[in-house]
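**Student:** Residue-level listing of the chains:
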Amino acid sequence: MSGRDYLGEFEHLIVLALLRLEDRAYGVTVRQEIEFRTGREVSIGAVYATLNRLESKGYVKSHRAEPTPERGGRSKRFFHMTAKGLAAVNRTQGTLERMREGLDFIRSY
Amino acid sequence: MKSQNPVQPPRTAVWLITVFSPGEEGETILGDLLEEFSPLALKAGMAAARLWYWRQTLKTIPHLVAAGFGTAPWSTTAAVIGGFLLHRFVHGLPDKLLRVVTDRYLAYWSTHFEIYMFWATGGMLIAHLIASVFTGCLVASAAKRREMVATVTLAFVLGALGITSSLVWLIRTGDMWMLALQCADALAVAMGGVIVRLHRTAATNSLPSPT
Chain A
1 MSGRDYLGEF EHLIVLALLR LEDRAYGVTV RQEIEFRTGR EVSIGAVYAT
51 LNRLESKGYV KSHRAEPTPE RGGRSKRFFH MTAKGLAAVN RTQGTLERMR
101 EGLDFIRSY
Chain B
1 MKSQNPVQPP RTAVWLITVF SPGEEGETIL GDLLEEFSPL ALKAGMAAAR
51 LWYWRQTLKT IPHLVAAGFG TAPWSTTAAV IGGFLLHRFV HGLPDKLLRV
101 VTDRYLAYWS THFEIYMFWA TGGMLIAHLI ASVFTGCLVA SAAKRREMVA
151 TVTLAFVLGA LGITSSLVWL IRTGDMWMLA LQCADALAVA MGGVIVRLHR
201 TAATNSLPSP T
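Residue numbers (the working numbering), protein chains in the order written: chain A, 1 to 109; chain B, 1 to 211.
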């Protein structure tokens, strides 16, 4: 297992948003989900830069939907996790949990 | 299928995203921003929605530039370095040309001094800017789909070097014109990238559909 198999902080947030949104995951919903749950403003550029990076690693896949009028005749790009991506999330979560073990006092901060 | 939105986002912001993002990526981003912009304009007002759109645009452009650089770092770096060297070479040409023309038509200049003064000041300034736009166009052509990444990086490098030297000049002489000229020079390089990018976008859009 190399260090590249772990997700970065923002990558981690993105894949968790994809898992929550299931088949409704595209730029707008992913951005809003992260903003709603973390309370920090996220740019659409940051979302796509990370999604493209995850796609190049084989962690997510994307497909285009039909263009819609409310988007000025532009199509949505939907994303979903791959098995390789799910394995990377589990690995990252597992590592974080192992590092957290025995540090219950963190909760008091 | 074209836009049916009664509210339209800031045109300049839309243009910036179009220029900085390659192909379909830009269309998807613009679609996402418009989808959020319209309800926000109705809910929070046009001014707040436009501010949000501009904030998103300004935060998105650095990501687009970085992503473009990350896609092909070596060829983009080569285009920037090549552009830097070309700029050094091309920038000296107007001065050489001025010397040649001045020497050749010395008698004419002595009787038309106003024309000589225009040629030596405004004419030279215009020639320098044209040289920079030309450099930007060549760098953008070499960088293929990463026109803006390469030219904006080159503009930043030239701007940083130029502004540093101009500040020294400004402290010594108090003249602002050198600083203004360096900023205009860097902008002209980026303008070359915009010209090539828009030309390529127009050419792509005019291609017939495969169906």
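Be aware that one or more of the hints could be misleading.
With a straight-line cut-off of 25 Å between C-alpha atoms, the simulated SDA-like cross-links for lysine to any residue are [unchecked claim]:
no., chain 1, residue 1, chain 2, residue 2
1, B, LYS59, A, LYS84
2, A, LYS57, A, LEU103
3, A, LYS57, B, PHE69
4, A, LYS84, A, GLY39
5, A, LYS61, A, GLY102
6, B, LYS43, A, GLU35
7, B, LYS96, B, VAL19
8, B, LYS43, A, PHE10
9, B, LYS59, A, LEU96
10, A, LYS61, A, LEU21
11, A, LYS61, B, GLU27
12, B, LYS43, B, PRO10
13, A, LYS57, B, LYS43
14, B, LYS96, B, TRP74
15, B, LYS144, B, LYS96
16, B, LYS59, A, THR95
17, B, LYS43, A, VAL28
18, B, LYS144, B, LEU198
Every beta carbon over 10 Å from chain B, so not counted as near; a handful from chain A, in silico [what the hints assert, rightly or not]:
no., residue
19, GLY45
20, ASN52
21, PRO67
22, GLU70
23, ALA87
24, GLN93
The hints are simulated quantities; they were obtained by calculation from the structure and are not laboratory data.
Each residue gets a CB set at the ideal place from its N, CA and C atoms; glycine is no exception.
**Student:** Each hint should be assessed against the structure and marked as holding or not.
**Tutor:** Checked hints:
1. Only pairs whose Cα atoms come within 25 Å are accepted, and LYS59/B paired with LYS84/A is rejected, the gap being roughly 30 Å.
2. Among the hinted pairs, LYS57/A with LEU103/A is inconsistent with the structure: their alpha-carbon atoms are about 32 Å apart, more than 25 Å.
3. Annotation: proposed proximity of LYS57/A to PHE69/B holds, straight-line Cα distance about 17 Å (limit 25 Å).
4. Taken as a hint, the LYS84/A and GLY39/A pair is broken in the structure, with Cα atoms around 29 Å apart against an allowance of 25 Å.
5. Between the alpha carbons of LYS61/A and GLY102/A the distance comes to roughly 37 Å, so the proposed pair goes past 25 Å and is violated.
6. With a C-alpha separation of about 18 Å, the suggested pairing of LYS43/B with GLU35/A holds against the 25 Å cut-off.
7. The straight-line distance between the Cα atoms of LYS96/B and VAL19/B is roughly 35 Å, outside the 25 Å bound, and the hint therefore fails.
8. In summary, the hint linking LYS43/B to PHE10/A is not supported, as the alpha carbons are separated by about 29 Å, beyond the 25 Å threshold.
9. For the given pair, LYS59/B sits about 30 Å from LEU96/A by alpha-carbon distance, which is inconsistent with the 25 Å threshold.
10. A C-alpha spacing of about 14 Å is found between LYS61/A and LEU21/A, which places the hinted pair at or below 25 Å, so the restraint holds.
11. Note on LYS61/A and GLU27/B: the hinted pairing holds, with a Cα-Cα distance of about 19 Å set against a maximum of 25 Å.
12. About 17 Å separates the Cα atoms of LYS43/B and PRO10/B, which keeps this hinted pair within 25 Å; it holds.
13. A distance of roughly 39 Å separates the Cα atoms of LYS57/A and LYS43/B; the hinted pair therefore is violated under the 25 Å criterion.
14. The hinted pair formed by LYS96/B and TRP74/B fails the criterion: a straight-line CA distance of about 34 Å is larger than 25 Å.
15. About 32 Å separates the Cα atoms of LYS144/B and LYS96/B, which puts this hinted pair outside 25 Å; it is violated.
16. For the hint linking LYS59/B to THR95/A, the alpha-carbon distance of about 31 Å lies beyond 25 Å, and the restraint is violated.
17. The suggested pairing of LYS43/B with VAL28/A holds, with an alpha-carbon distance near 17 Å, which does not exceed 25 Å.
18. The suggested pairing of LYS144/B with LEU198/B holds, with an alpha-carbon distance near 13 Å, which does not exceed 25 Å.
19. With a least CB separation of 3 Å from chain B, GLY45/A falls inside the 10 Å interface cut-off, contrary to its annotation.
20. Distance check for ASN52/A against chain B: the nearest CB is about 6 Å away, which does not clear 10 Å, and the non-interface claim fails.
21. Under the 10 Å C-beta cut-off, the non-interface status given to PRO67/A relative to chain B is violated; the minimum distance is some 5 Å.
22. GLU70/A, annotated as away from the interface, has a beta carbon of chain B within 10 Å; the closest lies near 6 Å.
23. Interface exclusion of ALA87/A from chain B stands, the closest Cβ pair being 24 Å apart, more than 10 Å.
24. The beta carbon of GLN93/A sits about 26 Å from the closest Cβ of chain B, which is more than 10 Å, so the claim that it is off the interface holds.
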